[in-house]
Structures are given as structure tokens and as C-alpha cells.
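2 protein chains.
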Amino acid sequence: MKARSVVALSGGIGGAKLALGLYRTLPRRTFSLIVNTADDFDYLGLRICPDLDTTLYTLAGVPNPDTGWGRSDETWTFMTVLATLGGETWFRVGDGDLALHVERTRRLAAGEPLSAIIEDVARRFQIAAAVIPATDDPVRTRVVTPGGDLTFQDYFVRQRCEPRVESLRFDGAGAASPAVAAKRALESASLAAVIICPSNPYLSIDPILAVPGMRTLLQTSAAPVVAVTPLIDGRAVKGPTAKIMGELGIEASPLSVAQHYRGLIDGFVLDVRDRALKPRFDVPVCASDTFMATVSDRERLAREVFEFALSLDRSRRRIS
Amino acid sequence: MKARSVVALSGGIGGAKLALGLYRTLPRRTFSLIVNTADDFDYLGLRICPDLDTTLYTLAGVPNPDTGWGRSDETWTFMTVLATLGGETWFRVGDGDLALHVERTRRLAAGEPLSAIIEDVARRFQIAAAVIPATDDPVRTRVVTPGGDLTFQDYFVRQRCEPRVESLRFDGAGAASPAVAAKRALESASLAAVIICPSNPYLSIDPILAVPGMRTLLQTSAAPVVAVTPLIDGRAVKGPTAKIMGELGIEASPLSVAQHYRGLIDGFVLDVRDRALKPRFDVPVCASDTFMATVSDRERLAREVFEFALSLDRSRRRIS
Numbered sequence: 001m002k003a004r005s006v007v008a009l010s011g012g013i014g015g016a017k018l019a020l021g022l023y024r025t026l027p028r029r030t031f032s033l034i035v036n037t038a039d040d041f042d043y044l045g046l047r048i049c050p051d052l053d054t055t056l057y058t059l060a061g062v063p064n065p066d067t068g069w070g071r072s073d074e075t076w077t078f079m080t081v082l083a084t085l086g087g088e089t090w091f092r093v094g095d096g097d098l099a100l101h102v103e104r105t106r107r108l109a110a111g112e113p114l115s116a117i118i119e120d121v122a123r124r125f126q127i128a129a130a131v132i133p134a135t136d137d138p139v140r141t142r143v144v145t146p147g148g149d150l151t152f153q154d155y156f157v158r159q160r161c162e163p164r165v166e167s168l169r170f171d172g173a174g175a176a177s178p179a180v181a182a183k184r185a186l187e188s189a190s191l192a193a194v195i196i197c198p199s200n201p202y203l204s205i206d207p208i209l210a211v212p213g214m215r216t217l218l219q220t221s222a223a224p225v226v227a228v229t230p231l232i233d234g235r236a237v238k239g240p241t242a243k244i245m246g247e248l249g250i251e252a253s254p255l256s257v258a259q260h261y262r263g264l265i266d267g268f269v270l271d272v273r274d275r276a277l278k279p280r281f282d283v284p285v286c287a288s289d290t291f292m293a294t295v296s297d298r299e300r301l302a303r304e305v306f307e308f309a310l311s312l313d314r315s316r317r318r319i320s
Numbered sequence: 001m002k003a004r005s006v007v008a009l010s011g012g013i014g015g016a017k018l019a020l021g022l023y024r025t026l027p028r029r030t031f032s033l034i035v036n037t038a039d040d041f042d043y044l045g046l047r048i049c050p051d052l053d054t055t056l057y058t059l060a061g062v063p064n065p066d067t068g069w070g071r072s073d074e075t076w077t078f079m080t081v082l083a084t085l086g087g088e089t090w091f092r093v094g095d096g097d098l099a100l101h102v103e104r105t106r107r108l109a110a111g112e113p114l115s116a117i118i119e120d121v122a123r124r125f126q127i128a129a130a131v132i133p134a135t136d137d138p139v140r141t142r143v144v145t146p147g148g149d150l151t152f153q154d155y156f157v158r159q160r161c162e163p164r165v166e167s168l169r170f171d172g173a174g175a176a177s178p179a180v181a182a183k184r185a186l187e188s189a190s191l192a193a194v195i196i197c198p199s200n201p202y203l204s205i206d207p208i209l210a211v212p213g214m215r216t217l218l219q220t221s222a223a224p225v226v227a228v229t230p231l232i233d234g235r236a237v238k239g240p241t242a243k244i245m246g247e248l249g250i251e252a253s254p255l256s257v258a259q260h261y262r263g264l265i266d267g268f269v270l271d272v273r274d275r276a277l278k279p280r281f282d283v284p285v286c287a288s289d290t291f292m293a294t295v296s297d298r299e300r301l302a303r304e305v306f307e308f309a310l311s312l313d314r315s316r317r318r319i320s
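Line order of the protein sequences matches chains A and F.
Mapping of the first sequence onto the numbering used here: residues 1 to 320, in sequence order.
Mapping of the second sequence onto the numbering used here: residues 1 to 320, in sequence order.
Just so you know, these hints were derived from the structure itself, not from any lab.
Hints should not be assumed to be uniformly reliable.
Label-pair restraints from in silico Cβ distances [said to hold, decoys possible]:
#, chain 1, residue 1, chain 2, residue 2, range
1, F, S72, A, Q126, 33 to 43 Å
2, F, A110, A, S72, 30 to 40 Å
3, F, P212, A, E166, 52 to 62 Å
4, A, A110, F, D171, 17 to 27 Å
5, A, L310, F, A109, 44 to 54 Å
6, F, G148, A, E112, 22 to 32 Å
Just so we're clear, the structure is a prediction, and the values are computed from it rather than from any experiment.
Using N, Cα and C, we set each Cβ at its ideal position, and we do this for glycine too.
Given only the sequences and the hints, what does the whole structure look like? Please build it.
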């Protein structure tokens, strides 16, 4: 029998944690990760793809343990000299990290699609899973605030998520198509599960789903779709998920997240600390410890999420 | 009385040595250095200007003492990671050096002329002399060899000057103009001397002189023009000058260099080791120790060259 494949949807740091767990516990060559590209931006004339890069470094085993982003064994000479030249330094880029940005920018300028570049980089980093940008087309998150529209990195890094979010917009999404490899992975007859990682639903997963066709690919896939809560006891482990939900007038509860994915998911993984909410979900729920401090936490959660998804296989029911 | 100004023409490492001597001994704000741009090239999608960069790092006091090019206190993480990505690594770029390339590339793409960028970089590096690209227009050296035409860096770095040089071509020179600041410096009424540094006459100085108008600017300037020999006892201190002269059928002698600059120079600085040749020059000659091992060697030679130039002031005679 052909090995059964798994697809996960992910943003950056939080999602990459579970992605690493899945990568380490699933048969590697059958694991595909569809990653948000709407945080990508041009900086110093270089194309930077924060979520893809965090994913690549995490799966390659070279994440920076101090920052959560960037590479391990990093040096910072470039930024130090750039500051003396009066260059922009608000987004920190390490010397080794820069190699990926420079090489990607050169290859994009030469006409290669982002997905082909990332596929090659993943291979060179000896990552035995498919790391796939959600789309090869430019989709860019714009954060609408009382002070005006902000690019994602301006909001997230330069302004440290301080402005109040009135709404979110994904520029370019309407004209985008899912990356061919993403479509192929979701259409595979051997697909056993689709897992939505505990990334920010509004900032990391929504821009993936905003690509026309992506939502339908999930809804019509042969496999159950399971989302993992990004909230524990009303708070995100890291990042502005709860703050943004509050600003958007949404209760910072896993119930709201499941509601947000309504019509798309067949099951929801709740944190054990929120198990009292279990009866209030209208999809099957699994209560797990979703806090991932260590690599073995990630592996354990990955196994539980995968087994939960498989348990839904026959009882599949998708609310629309 | 207004301070009298000096202009020097220079290529990379060899020329920058005397340039530093001039910079340290002359009143700084009246010193202008016109630098070769024909070795510039695009690499990894970045514009690299080897001669300008060597000059900037030398005058800023941060040259790499080990390599002769690049910066001191350099790290190499970028190149190490780039190699794992399969990127080109034949031209070594340090992490700090990269800041200049990335920032310059960004500013050029935004439409700034090279001369404006270099002027700003020099100011930020606290260089109190004018560092001026010979031209803002693209001029590129092509080395014609039995195996075909090579770009300069391909010849110089990748093939270590091994191919036989049949001829040299400066693509784009015909359509180029001298940088405005170069023209202004050479037209200044306060100009006391023009010094052609001991750079390779064929590879470093010729492409400057190939820019239409540059030769006339030297010939009609108010000041004597003095060239400093790049050869000592038939050999270059560093680099392929003597080898190329042999391949071009030119005797590797300072007499040939003076002959090459005929019609342009009013005096020639010969190395003391070649003083026996003195009677054979048809311009005034000063014999100096032109070997510059230390910074004080550079300062001493700079003083001697400058004084020699001033001595020619009244007896000016240019052969055409």
C-alpha cells in the first residue's frame, strides 16, 4: 500500500513548532507543508519570506534558539556595517540568513518561481518534506489601523503589534493561484490528513485560505481537516493572536477559532486547560496539551493530532 | 589664499596605497581621487565596485590587512551558508563588505547615480577627501584572450590572470561621460597637481582615460600631471602589470609606461632602482623609492611626488 500523506498549513514560529513535530514523527517524504507568504516583503532590495525561512531553518535543524527566528550560529557583521552606512536596520538580518535572501532575490529576478527556489533550498538543507509557499503570486497582508494601512512587517516588527487592528486585507490574493505543488498535495488520493497548525488564524492561515481555490481544495480533499488551537486559556503562547481578536471584536477563545474555520474543518484540537469548553464545539474535539516547550512536546502533540485526524476518517462530517 | 587642490587617478590596491599617503599628507578636503569603475560587476545580483571599495576601506582605515581587499574585522558566515545553498562563491564577499554591496545595489536600483552613493558612503566613513567614480555610466573592461572575451573579474579572480591577454576593450566607454565631480575637480582653478597613481596603466588607468573628455580634462588642467611608476626593476609589486605588458608586446619597463602616458604627463616618478634609465625619458623624472611596505612609506612617497609635481609648475611642458 502506498504510504499515506499528510499536509499541514502553517505560518511562522508557532506553526513551525508543530510542523517540526509532524516532520519528526511522520514518514518524511509524505509530509507537505503549505506556508503563508503574505508576510513576505522587500527590504534592503531583498525579498524576505519570514514564515518560509523560519520553517526551513526549523526543519533543517538550524533554528536560532535565542530569537525564535533566523539561524543558529549566526553572526551580525552585515547589520553592524549597514548601520554605519545609514541603511535600514529595523528588521534584523543575520549574516547567514542573508545568504538565503540574496540567493532567493537573485533567482526570483532571473524568473524562477518562489516555489521552485524553496523546493531547491529545502533539498540543499536536506529537508525530506515538501515546503511549499501557498502561492507563487504576490499576496501581501495589509493591517488596517486608525493611523492608516501598514505592511505586515511594519505592524509586526517595527511597531511591535502596538497599533489597534481595525481589519486585515490580503492585497493580490484575488489574482493569486495556489502553488502547483500545494494543489497536487491537497488533491492526492493518498492524503490521510490536513492539519491547520496553531498559527494565527487571521494573520497566518487566512492569507493562505484567501488564495482562490485553496478553500475548495481543503473542502474537497480526500482527508479530514483538523485545526489545532493557537490559544491556551484565552492567550496565545507567543504573538498577538489574542490582542487582535479582541480588537476585531472576537472573543479570544478556541471556540471562536473553531467558528472561524467552520465549513473547513472536521475536527478541532483544544488545549487540555480549556477542556471545559469541549461540549460547546459543533465538530469533534480532542483535548491535548498544546504547549510545546521541548521537541518531544512537539512530537507528542504531532502524534496526538495525527491520530485524532485518522479517527475522523470514517466519521467525516464537514459543516458548511 | 585658497588651499590648492590635488587630484589623483587610481585603480585598486596598488593605487590606493599612494592614495592613502596623499590623503594623510595633503590637506584632506582639497584631495580628490578619481577611481576606475571598469572592474565593477554584478555578482549574486549585487553591484560590486572592487576599486572604489578598496579605496573607501583604505581611506576609512578599515582595510583587511591579510587580503589587501575587503574590510578588517571581517566575518564570512554569508559565504559559508551561500555555499550550502549552491550559490556562486568564486568571488569572496565578507559579511561586512556585503553591507556596502547591498546598500549600493538598492540605491542604484532606486535611481541614484553611483557618484552620489559613493560620496555619501565616504562621508559616513568619515573620509574627508572626495572619492569619485570616473564615470556614472557603465564602462566594463573586457579581456580578449585566445579562449574568448572575459569579463574583468572572470579574468582577474576566477582565472587568476592566467589567460594570455591579446587586447583590452572598455565596453560602454564611448557613450560615457566623466562624473560631474571629476570634471569639476580637474577644471578647478586651484588645482596644484594631478597624480596618476602606480596602478596598472592598461587595466586601471586606461579605462578612466577612455571616458570621452577625461583625457582633455587632464591636458587642459591648470596643473602639472605626474605619473608614478607601477614597475620596479621590470616587475609590478603585485598584480599582472608586467605579465600583461609582455603579452601585449610591450617591454615591461617604466619607459614604456611613460611612453604610454605620452601627451598626458608633465613628469614621471621612477623607482630609484631604475635610476639608470633616467636619461632616456623625454619628460622630467624624479627617482624615488616607490616600494610602499608601510604607511610611512606611503606618506614619504606622497610628499616626494607632490613636491616633484609642484616643481614642474612653472616649467610645464606637455608633449603631444
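Taking the hints in turn, this is what the structure says about them:
1. F:S72 - A:Q126: 33 to 43 Å: holds, 35 Å
2. F:A110 - A:S72: 30 to 40 Å: Hint holds: Cβ distance 34 Å, inside 30 to 40 Å.
3. F:P212 - A:E166: 52 to 62 Å: holds, 58 Å
4. A:A110 - F:D171: 17 to 27 Å: holds, 22 Å
5. A:L310 - F:A109: 44 to 54 Å: Given a distance of about 51 Å, which is inside 44 to 54 Å, the answer is holds.
6. F:G148 - A:E112: 22 to 32 Å: holds, 27 Å
In this structure, none of the earlier numbered hints is contradicted; all agree with it.
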